[in-house]
Structures are given as structure tokens and as C-alpha cells.
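Chemist: The primary structure of each chain is shown beneath.
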Amino acid sequence: MEHASIGWLLNIGVSMALSIAILALVSLGLAVMFGMMGIINLAHGEFLMCGAYVTLSLTRIDVPLWLAIPLAGLAVGVLGYGVERLLIRFLYGRLADSMLATWGLSLIMAQLTVLAFGPSTQGIPTPLGSLSIDGYSFSRYAFVIIVCAMLLMALVYLMFTRTSYGVMARAAVQNPAMAAAVGINPRKLNALNFAFGAALAGWAGGLLAPMVGVMPSMGEAYIARAFMTVVVGGPGIITGTASASLLLGGIENVVSYLSTPFFGQGALLIVAIIAVRLLPTGISGRWQRQL
Amino acid sequence: MHTHASFFRRPDSSMTPMLSHVTSRLTPIRATLVLAILLIVGSLWMPDFLQSQASNWIIFGLLGVSLVFVWGKAGIFSFGQGAFFGIGGYVYGIASINLVAVTNETVSAVVLATLGAAVAAGLLGYFIFYGKVGDVYVGVVTLASTLVLFTFMSSTASPVYHVGDALLGGYNGMAGIPPLTVGWPGGSPVALTIWQTLAILVALAALVLCVLYTLLARPFGYIVSAIRDNEQRTQLLGYDIRLRKLVVFMIGGAIAGLAGALYAAWGMFISPTVFGLQQAALVVIWVLVGGRASIAGAFFGVVFVEGLSTLLGSGGGNATPVVLGVVLILVVLLLPQGTVPALQSWLRPRTRASSTPVEAPAAEFSGGAVDPLMPPGLSAGSSANSSLRVNGLLKRFGGLTAVHDVSISFAERGVHCLIGPNGAGKSTFFNLLAGRFSPTSGQILFAGRDMTRAEPHTRARAGMGIKLQIASIFPGHSVHENVWLSAYAKLHSRAAAEARATEIIDWLGLGPLRHVLAGELSHGQKQWLEIGMVCATAPGIVLLDEPTAGMTRTETARTAALISSLGRYANVIVVEHDMAFVRQLNVPVTVFHQGSVFASGRLEELQQDERVLNIYLGRHGGQRA
Chain A
-5 MEHASIGWLL NIGVSMALSI AILALVSLGL AVMFGMMGII NLAHGEFLMC GAYVTLSLTR
55 IDVPLWLAIP LAGLAVGVLG YGVERLLIRF LYGRLADSML ATWGLSLIMA QLTVLAFGPS
115 TQGIPTPLGS LSIDGYSFSR YAFVIIVCAM LLMALVYLMF TRTSYGVMAR AAVQNPAMAA
175 AVGINPRKLN ALNFAFGAAL AGWAGGLLAP MVGVMPSMGE AYIARAFMTV VVGGPGIITG
235 TASASLLLGG IENVVSYLST PFFGQGALLI VAIIAVRLLP TGISGRWQRQ L
Chain B
89 MHTHASFFRR PDSSMTPMLS HVTSRLTPIR ATLVLAILLI VGSLWMPDFL QSQASNWIIF
149 GLLGVSLVFV WGKAGIFSFG QGAFFGIGGY VYGIASINLV AVTNETVSAV VLATLGAAVA
209 AGLLGYFIFY GKVGDVYVGV VTLASTLVLF TFMSSTASPV YHVGDALLGG YNGMAGIPPL
269 TVGWPGGSPV ALTIWQTLAI LVALAALVLC VLYTLLARPF GYIVSAIRDN EQRTQLLGYD
329 IRLRKLVVFM IGGAIAGLAG ALYAAWGMFI SPTVFGLQQA ALVVIWVLVG GRASIAGAFF
389 GVVFVEGLST LLGSGGGNAT PVVLGVVLIL VVLLLPQGTV PALQSWLRPR TRASSTPVEA
449 PAAEFSGGAV DPLMPPGLSA GSSANSSLRV NGLLKRFGGL TAVHDVSISF AERGVHCLIG
509 PNGAGKSTFF NLLAGRFSPT SGQILFAGRD MTRAEPHTRA RAGMGIKLQI ASIFPGHSVH
569 ENVWLSAYAK LHSRAAAEAR ATEIIDWLGL GPLRHVLAGE LSHGQKQWLE IGMVCATAPG
629 IVLLDEPTAG MTRTETARTA ALISSLGRYA NVIVVEHDMA FVRQLNVPVT VFHQGSVFAS
689 GRLEELQQDE RVLNIYLGRH GGQRA
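In order, the protein sequences belong to chains A and B. For the first sequence, the numbering used here gives the first residue as -5, with consecutive numbering after it. For the second sequence, the numbering used here gives the first residue as 89, with consecutive numbering after it.
Hints may be right or wrong, so weigh each one.
Said to hold, decoys possible - Listed next, with one range per pair, are the computed distances between beta-carbon atoms:
{"no.": "1", "chain 1": "B", "residue 1": "524", "chain 2": "A", "residue 2": "83", "range": "49 to 57 Å"}
{"no.": "2", "chain 1": "A", "residue 1": "115", "chain 2": "B", "residue 2": "484", "range": "54 to 62 Å"}
{"no.": "3", "chain 1": "A", "residue 1": "248", "chain 2": "B", "residue 2": "218", "range": "25 to 33 Å"}
{"no.": "4", "chain 1": "A", "residue 1": "248", "chain 2": "B", "residue 2": "308", "range": "40 to 48 Å"}
{"no.": "5", "chain 1": "A", "residue 1": "125", "chain 2": "B", "residue 2": "422", "range": "54 to 62 Å"}
{"no.": "6", "chain 1": "B", "residue 1": "407", "chain 2": "A", "residue 2": "169", "range": "28 to 36 Å"}
No wet-lab data here; the hints were simulated from the structure. Computed from a prediction, not measured in an experiment: that's the story for all the values here. A virtual CB, placed ideally from N, CA and C, is assigned to each residue, including glycine.
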């Protein structure tokens, strides 16, 4: 048995950290929209997919990957801004309807991508190669994902605590009437919130593109887990996403490792539903600081 | 067109048990049966492919009906109907493949599939409703569960994953599922022909519709409709809403599962795409197009949307999902009620606006004095055990202690007022009694029973009538229906509840407004209605939170009279701000200050008390260290 070796431990650790980081990455944009606007964006997976396709298209015209990924986030952010102006803003206060409208949007976006790029899976070569420790091989890009997930969390934290946009946005969430009374324009904030959430989805898609196949239905593969993470995490954007990703990503990874990914998925669902029973407002629902 | 107008009528808009004016002999049930027979007979002349197409649409229609029932009727925002449909399909596949060789029939597999889906809905529903998950979360959790099943079933391609002879088949799906077959063990199996299958499907669909229409016309249906209208009020009347939502969710799951089983039998195939996002969206689109509260509309939605898809599929290439997405967005933006109800209200002359005067004759209320007769349903004996005792009640919010070690008891019949300046803790205290907050420590005893952490409906059933500050009524139901729902919670008899409701409304003086929608009442009338609803449950104790907030002086006087008359037969606790009102009531008063009981007595005595004046005038705060 090789169970005690350092390489084995490292292998498990990296694999688990990667699961958690991916879960946090794909959930963060959704959590921003939910935490800040109370909107569940069912087109979140398609925003993610758009980020992946923008990255793919840019690398095809020889834009370096490290530039293509940030640009993808910005492009999806602009798209999100447009979506908020054209669709979402008519549906504030109609929570169910905003879910349904974004659902329609997701069908449209997925199918337009099929029409434009074809249904087949396309790939971006994973950069940086791998390194070998103690007989185990590690993709260097996995570490990039883990670090980027943490950086994006830090970015969200800084956005909402250090910028005037963030301070106003949090004020508008806590007391919309008072925020409006002191001159904050909630409509402008909502558009920015939505754009920011979309940009985070775009970055997540861009970062995942070199690791997984890029295809029109790729959003679907992530949204179920992203929804569960946001529901289990609750309204706290960073604390909720981080804690729920740790819980669900950790459990999925452990169960997948011990049996098969088949049971890993099942375990995630069961744990999420039990968590909902025990903490209906999410892990962060009872905490005082809502960020 | 008249038949259609009646057929598509939303039963809940005319659920009025007491307004049993049957406007038309064509009830939804009769219309369903007539249409079913016409369809079965008519389909004899249809070509095979059309019969098969019709079967498919009936199956999808059933799936749509399951969502209408759960979402449109009970207000449960479920996107998981696709999951129960898929579970039904897979259970049918597994059961029929394994059983048909033994029993020579697949009817038992249909039954098993329906039960399997109901059990799955029960498990998921238990966690959702007993966890008190909010509306949006219900949508997210049910949809996410569906999508996880998609990933889950897609990864079962390996032959390792099989149940008996049935291979799950992973992404490629489960093939070789037997069609609907009748027979018996030892006999020979008879697979149904295309027409026979259609006839059976139509009959089953008609049966499901009749069961649902019947259910919705019974008290269960009224309560479900009340939950959709105002969940909190329904609970405060003593109905266990968690249980009822669970039952609705299970019935919806069973219908979806039945549809799934029939779908697998019809196509002799099932694949994980039934758990996919697009299938889940389709169900919602059908229902939205047909109208989310219209059972018959679900079938219309299926025919319209699927017909459109077939048309586009033959001509427009791969644009179908784009069109569906556009339809979804347009319906949400432009026709949130759906096409069938929109057409209906467009075709029908508006009657409601002019039929009833919303303002009652002024003379009705100007007298001020309420009938001195006791409130109906309450008698001297009924409130024999209505003592409320609170021991060392404490509530902390983070670092703030809102209610600090309050011990108080209300043993006698009669009205008792709780007053105090803003922030004194009286509202928190009230909410602890009402069960909206859970105390940090301490005990609440009502009639000797421990109610400290009881659910609101348990408190209501034990005899605690609760009226919250903001009028909480069923705005979409008539005044009579509002009171009927309360009376039924106590009496469990339709006729008795009818009689009680009529009496209570007369006692309130709202007689002329009996059939007006409660949402159209004035502010004061809503408050009286709610007091009447609380009384209709014949409570031993009535808790009222600022009943006169926002009322005119005349309305306040009338409310005082109502409460005084109530106080002769029940224990009444009123939290109030309005000193004029408290003076009118002329009852014992307890003053709260900084979360504790500060003083008690008659208002006149308290007004002489320097300390009480100090806290009201804020002099106390200035001397604080």
C-alpha cells in the first residue's frame, strides 16, 4: 500500500482543493446576483459558456490565453449589462418571473451558440504542462484555478468593501428605500450588480475552458451544482460561497474518490438537501455580516 | 364558445362553497368526460401517426397538469416535475422489463412507477416544506435536483448499472421497454394497439382531471388555495401548511410519475434527457402558455407549443429552442396569466367591478355601538381554560436583549393591554407569544400546556387566536370565504362553518360586504375582518398587535367596542400605542420598558405615576450613566 506517501496525500489534497475551487468559481457570479439582488439567474450556466467561447475564439486568433481569459470576463460583463437593461429591469419584485425569463434566455443563448459554433466539443490545450512529485503527476494549471478562485473571492470582497459602488450596493440591499432617499440610484446599481455577476461567470468559463471541453451545453453541467452551492451557502456572498463550496465540493470529492463520480453526484445532492432542511436560509443565513 | 368558457373557468375563482349558484350545468367534470368520450370515439377515424401524436400530447398534458396543480393551485414553485416524470419513466422501465415475463402485463409497473414518483416527491418535499424553505429556494432546489438526476443517470452507461434484466444505459437511455400490456400470470400477454393505447390514455387523463376538480372543490382545495393566497394567515388559523403542501407535492409527483410511466410505455424508451434543463423548461412553458392556474389550459399549452415545435422542426431547422425561449420571455413579460385566462377575461364582460359596492353604507358603522350579544361561537363555558402564563421569558438578538426575564400571567377572562414606548420590547414579547420568534430561554404556558416552541398552527389549535399588526387576510377570497376558512379550521364541517361565518360577519357588521373580495376592503374593514377570523376559530385567548394602527377615530371607537365585547368571553391581550384607544377600553394595563414589565395597573393610576411619565417623556434616558 502506498497510502502514507507524501505524493499520495498531495494528490488527494490537490484534487479536493480543485473540486472546491471549481465549485466556488462557478457559483460566485450566481451568489453575487442572488446576494445583492435576490435574483436567481437561470442563464448563469450560459454566461459561463459564453466566457469559455470568447476565450476559445480569442485564442484562435492568437490572443495569448492569459489575456483572453480576462477579456472574456469583461465581454460577458458587458453582455450582462445589456441583459439587465433589456430584460431583468422589467421583472424586479417578480422573483418567479425573473427566473422564468432568464430560463428563456438560457435556451436562446445555448441554441444560438449551437447555430454559431456547432454542437461539437472544442478544446483549448491545457497550458503549463505538469509536474511530477513522488511519482504523482500534477497539472500546473490546476494550481492556477485554485489560486484564481481565491483571487476572485478577494476581488469580490474588495469590490464590495473598498469601492463606492460596493458600499452603495450593500446599502441598497440592506435598505432600498433609505438608500434611494440618500441619493443612491438603485437602477444603476442593479445593472452594475448584474454585470459584475455576469463578468464573474465569464471569468469562471474562461478559466475552465482549457481544462474541460468547450461546448454549447457546458453550462448545464455546472449550474445544478452552482445552484446547490448558493442555496446551501445562503445570502452571504463570500462566506456563503466559500463555506458551501468547502462542504459540497469536499463531500463530492471524497465520495467520488472512494467510489465513483456517480455516487459523488448523488452524495452532493443528498447533503445539499439535508443542509437545506437543517439551515433553510443557508449556512450564512444566521450570520450577522452579510458578505 | 360558451362550453369552453365554462370549461376553462378557474375553479378557485368561484370556489365559494356558500355561493353554490351553479351558473351552468356544464361543470368542469362533465366537460372533461364529454371531451374525453368525443376524443376516444373521434380518434377511431384518425390515421395511426395522428393517434400516436395525440397520445404523446395527452401524456405531456398530464405532466403539465401536475405542475398546474402544484404551482398554479397551491403556489409551490416546483421545477422538479421533470424529475418525477423521469423517475416514473425509469421505474416503469425497470419494473416492466423484469415483471412482464412473469405477470404478462405492465399495468402493475405503471402503478409502481406512480407510487415511486410519489415517494420521491414525498422525500424531497419533506426536506423542503419541513425545512421551511422559501419560495425561490423551492424552485432552485427542485430544479437542481432534476439536473443532478440528469448527470447521475447519464453516468450509468456501464453494464454494471442494471436492475435485474434492465440496463440503465447511461446517456443512451434504457431501451427495450415493453409497451402497455394487459394479461395475467399464466395467460398470454396482449400489447395494446395504438388506438387502444390512446383510448386508455384519454380515460386516465380524464380520471386524473376529475379527481383534481373534485379535490379542489372540497375543503382541502379551499385550504390549498388559502395557502397560496396567504400562507402565514392559514397557519395562524391552525392549519398545518407543511403537511398540506407535502400532500399537494406528492399528488403532483404521482401525476408526473404516471405521465412518465405512460411516456416510457408509449415510446418504449426512456433517456436522461427527461431530466434535462430543456425538458424542465418545456413543462413550464406549456403551463405558462396555457395559464398557470388552468388545469385544462395545460393541454392547450402542450398542443400549442408542441404543434409549433413540430412545425418549426420540419421547416425552421434547429431554431426550436430559440423560439421556445422567446415564447417563454414574451409570455412572462406580456401575458403573465397565460393565454387561456387572458383570452377568457378578454372575451368575457367584466362583472366584478360593478357588481358590488365596495364601500358599505355609512349608516352601517356610524352607530359605534356593537351588538352587545356575545361573539358567535364563544360562550361563557368555551373559554374556561384560557390562562396564559409566561415564566422568565428572555429573547436576545445578537447582543441586544429585547425581552428580559418577563414573568406575567393572564388568568382571568377580559381584556388586558400591553403598552410601552418604542423599543420597550412589547412587540418582541407579542411575537414570542405568537410563535414568530423562538425565545432564548423561559417558558410559555397556555391552558397548562407548554407552548414555548410550538409551531404557529399548534398554538392556534390549542386555542390561541393571533392577529398580527399588518392585516393578514386572504385578499383573493371573498369576505365570507375568509371567515369560512377560519371557522372550518375549528369546526371541520362545511355546513357548521357556513353558519358560523354568516353569524360572525353579521357580528362584525360587514354583512353587506359578504361577497366582496377581502383585498378590496378598506384598511379598517380588513382589520375587523381579521378580528372576526380570529374569533371564528373560537379561541380561548386572543392576541392582538396594534389593532387600531392607521385607523380613523370612528374606526378606532368601533374596534374598541368589538374588543370589549370579545373580552367578556375570552382572554384578550392587546399590544397598543394609541393611548386614546387604551383609555376607551378602560382595562388593566401593563407597561413594558427596556424589555421588562415596568408597572401594571389602571391607566388613570399609571398616568399619575412619575416613573411611567418619565419613560414616556424620555427623561429616564437622560440620567443614564
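Chemist: Looking at the structure, which of the earlier hints fail to hold?
Modeler: 1, 6
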